[in-house]
Amino acid sequence: MFYFGVDYYPEQWPEERWAVDADLMQAAGLNVVRLAEFGWSRMEPEEGRYEFDWLDRAIQILSERGIQVILGTPTASPPAWLMSQSPDLFRVQDDGLRATYGNRREYCPNHPHYHEVSRRIVLQMAEHYARHASVIGWQIDNEFGQRCYCPVCQEAFQTWLRRRYSSLDTLNQKWGTTFWSHAYSNWSQIPLPLKTGGSPNPGLALDFARFASDSYVAFQKMQVDILRQKCPGHFVTHNFMGFDFDQIDYFELAKDLDFVSLNHYPRDQWKFRAAVNPSRVALQHDTMRGLKQRNYWMMEQQAGSGGWEILSVAPRPGELRLWAYQSIAHGADGILFFRWRTARYGTEQLWNGLLDYDARPTRRYGEIHKMGAELRKIGERLIGSTLKPEAAILLSYDSRFAFQIQPNHPRFSYPAHLHQVYDAFYRQHIPVDVIAPGTDLSAYKLVVAPALHVLTDSTAREMESFVKNGGVLLLTQRSGVKDEANAVVDRPLPGLVAGLAGAIVEEVDSLADGMSNSLEFCLPQLGSVQPEVGILCEVLRPTGAGVVATYTRDYYAGRPAITQNRFGKGQVVYVGAVGGEELYGPLAAWLSQLAGIHPLFQAPAGVEVSERWQQDRRYLFVLNHTDLAQKIPLDGQYTNLLDGGSRLQGTLTLPPNDLAILTAADEYPY
Amino acid sequence: MFYFGVDYYPEQWPEERWAVDADLMQAAGLNVVRLAEFGWSRMEPEEGRYEFDWLDRAIQILSERGIQVILGTPTASPPAWLMSQSPDLFRVQDDGLRATYGNRREYCPNHPHYHEVSRRIVLQMAEHYARHASVIGWQIDNEFGQRCYCPVCQEAFQTWLRRRYSSLDTLNQKWGTTFWSHAYSNWSQIPLPLKTGGSPNPGLALDFARFASDSYVAFQKMQVDILRQKCPGHFVTHNFMGFDFDQIDYFELAKDLDFVSLNHYPRDQWKFRAAVNPSRVALQHDTMRGLKQRNYWMMEQQAGSGGWEILSVAPRPGELRLWAYQSIAHGADGILFFRWRTARYGTEQLWNGLLDYDARPTRRYGEIHKMGAELRKIGERLIGSTLKPEAAILLSYDSRFAFQIQPNHPRFSYPAHLHQVYDAFYRQHIPVDVIAPGTDLSAYKLVVAPALHVLTDSTAREMESFVKNGGVLLLTQRSGVKDEANAVVDRPLPGLVAGLAGAIVEEVDSLADGMSNSLEFCLPQLGSVQPEVGILCEVLRPTGAGVVATYTRDYYAGRPAITQNRFGKGQVVYVGAVGGEELYGPLAAWLSQLAGIHPLFQAPAGVEVSERWQQDRRYLFVLNHTDLAQKIPLDGQYTNLLDGGSRLQGTLTLPPNDLAILTAADEYPY
Amino acid sequence: MFYFGVDYYPEQWPEERWAVDADLMQAAGLNVVRLAEFGWSRMEPEEGRYEFDWLDRAIQILSERGIQVILGTPTASPPAWLMSQSPDLFRVQDDGLRATYGNRREYCPNHPHYHEVSRRIVLQMAEHYARHASVIGWQIDNEFGQRCYCPVCQEAFQTWLRRRYSSLDTLNQKWGTTFWSHAYSNWSQIPLPLKTGGSPNPGLALDFARFASDSYVAFQKMQVDILRQKCPGHFVTHNFMGFDFDQIDYFELAKDLDFVSLNHYPRDQWKFRAAVNPSRVALQHDTMRGLKQRNYWMMEQQAGSGGWEILSVAPRPGELRLWAYQSIAHGADGILFFRWRTARYGTEQLWNGLLDYDARPTRRYGEIHKMGAELRKIGERLIGSTLKPEAAILLSYDSRFAFQIQPNHPRFSYPAHLHQVYDAFYRQHIPVDVIAPGTDLSAYKLVVAPALHVLTDSTAREMESFVKNGGVLLLTQRSGVKDEANAVVDRPLPGLVAGLAGAIVEEVDSLADGMSNSLEFCLPQLGSVQPEVGILCEVLRPTGAGVVATYTRDYYAGRPAITQNRFGKGQVVYVGAVGGEELYGPLAAWLSQLAGIHPLFQAPAGVEVSERWQQDRRYLFVLNHTDLAQKIPLDGQYTNLLDGGSRLQGTLTLPPNDLAILTAADEYPY
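Chains as they are written, first to last, in this note's numbering: chain A, 568 to 1237; chain B, 568 to 1237; chain C, 568 to 1237.
Among the hints, erroneous ones may be present.
Claimed, not checked - Residues of chain C clear of chain A, computed beta-carbon distances all greater than 10 Å:
{"hint": "1", "residue": "R609"}
{"hint": "2", "residue": "T914"}
{"hint": "3", "residue": "P1153"}
{"hint": "4", "residue": "G1173"}
Said to hold, decoys possible - Under the rule of at most 25 Å between Cα atoms (straight-line distance), these lysine-lysine pairs were calculated in the DSS-like manner:
{"hint": "5", "chain 1": "A", "residue 1": "K762", "chain 2": "B", "residue 2": "K762"}
{"hint": "6", "chain 1": "C", "residue 1": "K762", "chain 2": "B", "residue 2": "K762"}
{"hint": "7", "chain 1": "B", "residue 1": "K1136", "chain 2": "B", "residue 2": "K1035"}
{"hint": "8", "chain 1": "B", "residue 1": "K955", "chain 2": "B", "residue 2": "K1136"}
{"hint": "9", "chain 1": "C", "residue 1": "K762", "chain 2": "B", "residue 2": "K838"}
Everything labelled a hint here was simulated from the structure, so no lab data went into it.
Computed from a prediction, not measured in an experiment: that's the story for all the values here.
Just so it is clear, CB atoms sit at the ideal spot from N, CA and C, and this is done for glycine as well.
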């Protein structure tokens, strides 16, 4: 069964309404709900008094309609009775001000009392629901995030550092605290990188970012351990915030879970733009799939305009269904829409559900109703099928944190750069995995490592062995600059991969507004366009590599900007400048060719292609993200799962915001 | 006598200067001064020691020249000896930081000790001046404002809530604290909506805004009570900050006063623009007149460039006099200029008076001197005359506060929207009253309720009965969304007025930059222009109403945007989209026609028209706000009060920044 | 010997590297290093334990290569053991938040314990190095700055005020605390001008700015006294931050030093622009020379891209050498480059030195190597030579602080205005001294006093006597407005110089965006261009002066904007409006002519000219700041010191970013 459901808050509505809601869900083909992740004050209205009967009754009504249940542990939003026990329970912001009550996620993730009270409610829930027939799994907390700078965290950070470095001498040496006389003679002297401290030591700041991330990993682990023990038959997940969230190393947070889940809103208050960028959405998905290199769930799929103070642009007709299928195309094995009915109360009054305030089913309910019917037919065929990219892109949280501390350029953004490189492959319908540095690369033909700023020995060695064995590796500017302690290496850049690149960085220019440069390609297969580059321009000196492109302007005109090095059976391309689509487009095509990777399919701009494999059967998702009908030439006979199995040949016509799921016609027994 | 005066600070100048100043005032026709509202440290130089003799001497000198006195209670700016008694006396900002000494308005309005010390100085002043022949009235404090977030206020807020809701159950239910587990089990748990708390519960936030407003109302009431008891013959007022100020419900603050007063500076540091918008100025005045539905005073009429750190644009020649007459045109019955002489010391060194630092009378003094002479002739005719608008616009502080909490759109502003609708009537010379929702509407033919977001039963009923009896009502987008607790209603929008409108809101689109739509009118009398709309676009579904306009673009092209519903003897027009002048202009004309309201007069753009009635005699103010001479065609024979009574016929020519006060020629016995 | 060196941090590198570094320095002609100014934690690793042997060894290695040493006292960056002793040691920001550890300059400059511990380390260093043969001088601390708003400073401020005003009555009168009831009845009531206090009393705020400046002067003095006593043979200096730094009265800070030093980075993170403005660089230098009216040092001359979080634009080829010679051209007698090798650790990882992280000498090392060779040949001729400007510009820190408090206009900037006026003379190759108001002016023919807002009696008298004796004085708008206590004068503006100007300010207009005016000159020698003016426009009324220019627009069209007054043997020109190059250009030419000053040389735009005199021998620096070769016509026969003495006649051709040092050919005995 393909899990298809909604996030539901029965506690926010009169009990007499529950059965009506459940009927409407059932009618729309929904078979799973997430419950209770913000219900702490209802489940434990005063300390130590637990009330689950309301929840039991809600689950009963749902299960009678064949709807199964995922339970959320409620620790993301603590009750007032708890937080009024001590101001110390509250998170401290990076400006040194302590959070106050009234929103959510205001707790310090390292506070022992918060851990203790959280442990108790999770244990109570686990014991109560361990053997409940309708409960299938758990979501821990909700959208972990936000660094805390409180004294409890400062002490925990010092303890964390002691474990990491054993001695203060090592720490002082790794951080280089001789600089500005910062040598620490006692662990307790080590500060947090508060804004009131100004630009901090990069080593300290990177370790603090890791520590803050680890704090949530540990808080989650405490809950996971309880659930593993009490509810061995249930899955355990957490709802992540996708590629965009930048305060937790998601690879680490994913480790203790069965699978990860994604909350993603292509249109919400914080993405208030006319157009959705489907490639950025795709990157969210590929990142989630990469966290554990396995399929994942959509725990919150957009159901309507999303906003707190601001109404987002309304999802256009067809978009909700299209986005939900896009999730599946990238590896989602379960989808829940957030939320069932728009809340009348609280901060999220403007966050729209499938039903309106007045309980009226909206056009959005209609779209999901339609998709529910489709999935009842085809869901089984898709469930468990997988993607098989031959290319991978390395997402390094260490580098991401390091660029948060020192962006290098006012307009350089590590995630934007990574997305821009990703986008070139996306446009050419070449699927990629998004994986962590250090992962075994032997399954790939092509690996892309954009701005791999913090580079460890082991990652460098893994890349070396990948290339030696025939892999194609792309490196971009500012790679290999830092060691694990965020110190600059004392060898020519790109440091540990300078040998692999066969080139070193002679110097780097940082371009202010009004400055730009462009490249001239030396290889005909890259075309004759001269792509504009800017932001950061490294002047390269080959030490064995060939020159792929040179600068055309300024004092480094004619000097190398891109090099290509043969290494073992493979090749390494190093790109020393930041460009745009006209740079990364030709590069992606050329690199794919070098690696022997072929696009999935030819399709016009704005049409996305992705594939899932059920053993040998391929399901090709063709998604029209434009507001015009698109004609897609077909390379053979296909059947479209979504229109009941009619045979297609010649041209596929897709209406705006619509899709097809193609499979080979000759094998498909409709 | 028409009161015409200045705000004067004798304590800031050598005593030997006072008589010279008084002579110059007398020469300019000034007959009233406001004194002492920043004189606390001079009247009570140390706690409990009161000194009024300096003030007695100043009043003596003034009264010898026939100048009467309004006294300010000095509580807006406490002395250093008081505020150094305890840090608790200081206001806390919304970021949680406590104010410090050195400006003004730094006090917590709920602090019991501040109340106590304030009560004592007011009592002393009241007793000393109760029977003084020259003293005619009182101004309480100065420009009440600014919310305080201190612990004293938190406790006072909890007490205020207890009075409002009686039980925590009711509060939890009204605010919907089930959302995010915020249920309060003890009044003391209820937080203030500090920025450190993030986006708060809308119910809590709206109640806090009301509470903060009520705090000043109560602080004022404490002072009013003393003055009523001790000085029954004196009037009591407060100087308001017009339509623009948004932190106090001015209708509530006005209730305990005899009349309200306005401080208004068309040109100051915070309105640093080349051009003054006379319609926005007119709105300030109409709001003040509406607060008690009676005439008001100008307590601070601009006398020169106004600024603290920044010099404002200098008032152009003629502007000071023009603005002063504009005040009268809208209902001012007294005018005081701020200030007499520019201060040499303190924060307001750049706030210019009628005299310069060097005591030189400026060209500004000259303008006021001229006006003084005019008012000596015509003032009596105007005093007590009133305006009689047939249209009213509803200003809802509840809605305004609610939009502060959730603006709905980054570029939506409730006051800007209200002004835009107001402006359409202003341009067509149709006078309006600005009144509170819930006011008896039976005196009006047309009522405009822009974005009446928070809507109570009683207001809805009042509007229903108004329409039923033949009134014309205009509603605009996002009306009727919230109940009194700032929860969304559970019925189709516009909620309580959906029946009145004969239409419901199907869905709402929020338009990001680069998105827009336009309307096509279905009625010929609205013209063939297709006005641009944007920001928020509601798709309407008539349930009885007719369609007045439809959208032309996007997925809701052809769907209704404006509807017209007959209800009883009246009509309701609902406008679902935010537009500009080309939308509200035709609408205002059409609605006025529907309501049987005729423009006062025809005049070119930039020429304002207003009228005051003294029993049956009409005084028509024609004000040229442009920097060009304007020719205005006359519809009959008139006499201009300002040029000594010459007869006018055919065309009136007004120099730039000049005006005429017309009255019917045949009746006016010059 | 011309001192030519680098800032070096041996403590940041392995000891075995030191000799290699010293060899490379020697090879580049470097003969001096600055050491130890961030070495506190290495010199005093725990309280009271001093370790100088590592520094002794480093100095030994350097001195063996003929490299001399300047020692920095390390108080700019305290060790962790010190700052962990008490939170009170940390500076408080103007928002009331206390600084935390992890950067530098986090200390309160008035804290007694910080003074005490600083005194001890300075004393230890002084005793240890008093008689060391290689040590030639001292730098106190590093880049003094930042105001502190802590309680210790509040008390120190109150004490400072008591010394300044003796009685509270005087203070209350001078500050005009009657305004807003701020009269202080106890010194302890006086607050600091924190942001939480809002717009402060201008008198209080100006005194606080002076006090904060004096705090650093006193902290420096404490150290200077120790060094004078212990190391009478050494010079003592501090590294200033040039004209741009605005929180310390640099004239006061310079007084206790032998000479001042400058840190200046034409390209760094905070000046992230494509182009460098060489005139602004020149102003930095002229300001430093003016502080003591003598030559100075460059303690930190840029050596590469400079940034903390952001890489600056890379210095273009030739720029480092050109800037270094520009320093000499303006009076530098010693130059040290910051820094030797780019740091691998700490906040300044992106601040590039002459050597890269990997110890590779860069192209930048190459440039400096070349210059080292040149200076070995010509340095002696330049050392001790001086500039002899006939014009001076007054830089008033009182006025600068006053404009920080009240900028008068959103786009008015005192330093930008001063630079704009300076720039007009710079472009015409007329050298100026930048000196303090009150300085003896008798040596000059022309004195320029831009926006001399705070004006004392003695400065006014000095200017009067200067003009009376034949000097030409230029005054600009907003001069003479304030007295020493930042109160506005009670006489017509420009106050104390109204008589000198022969004109008074009738009124002032402040121009918002979209407003502008222009001037018409009444004197043919000023040309027929009508320069645009704006920002602040004063309408002048001559009381004896002639009219030089009138306004062309708005209500003051035809009214005087510039006046010229004969006074004694001299003349005073008053300019009432803020203009640009087309205003100040003609004015500078005309005023120079009036004063009998001739340009040094004719040269195209972008070519700077400066001269130094060694007794009667003139060295003319001709610097090409453009990226094109420039042809400069010569007015006689010259020799270029930099190309070995070839004779030049007719035309000098300078490559981009290159220079010549010319001297009269007939006298120069190559």
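How the hints compare with the structure:
1. R609: 7 Å, violated
2. T914: 5 Å, violated
3. P1153: Non-interface label stands for P1153 (chain C): nearest chain A Cβ at 30 Å, farther than 10 Å.
4. G1173: 17 Å, holds
5. A:K762 / B:K762: At roughly 17 Å apart (the allowed maximum being 25 Å), K762 (chain B) and K762 (chain A) satisfy the hint.
6. C:K762 / B:K762: 18 Å, holds
7. B:K1136 / B:K1035: 5 Å, holds
8. B:K955 / B:K1136: 23 Å, holds
9. C:K762 / B:K838: 22 Å, holds
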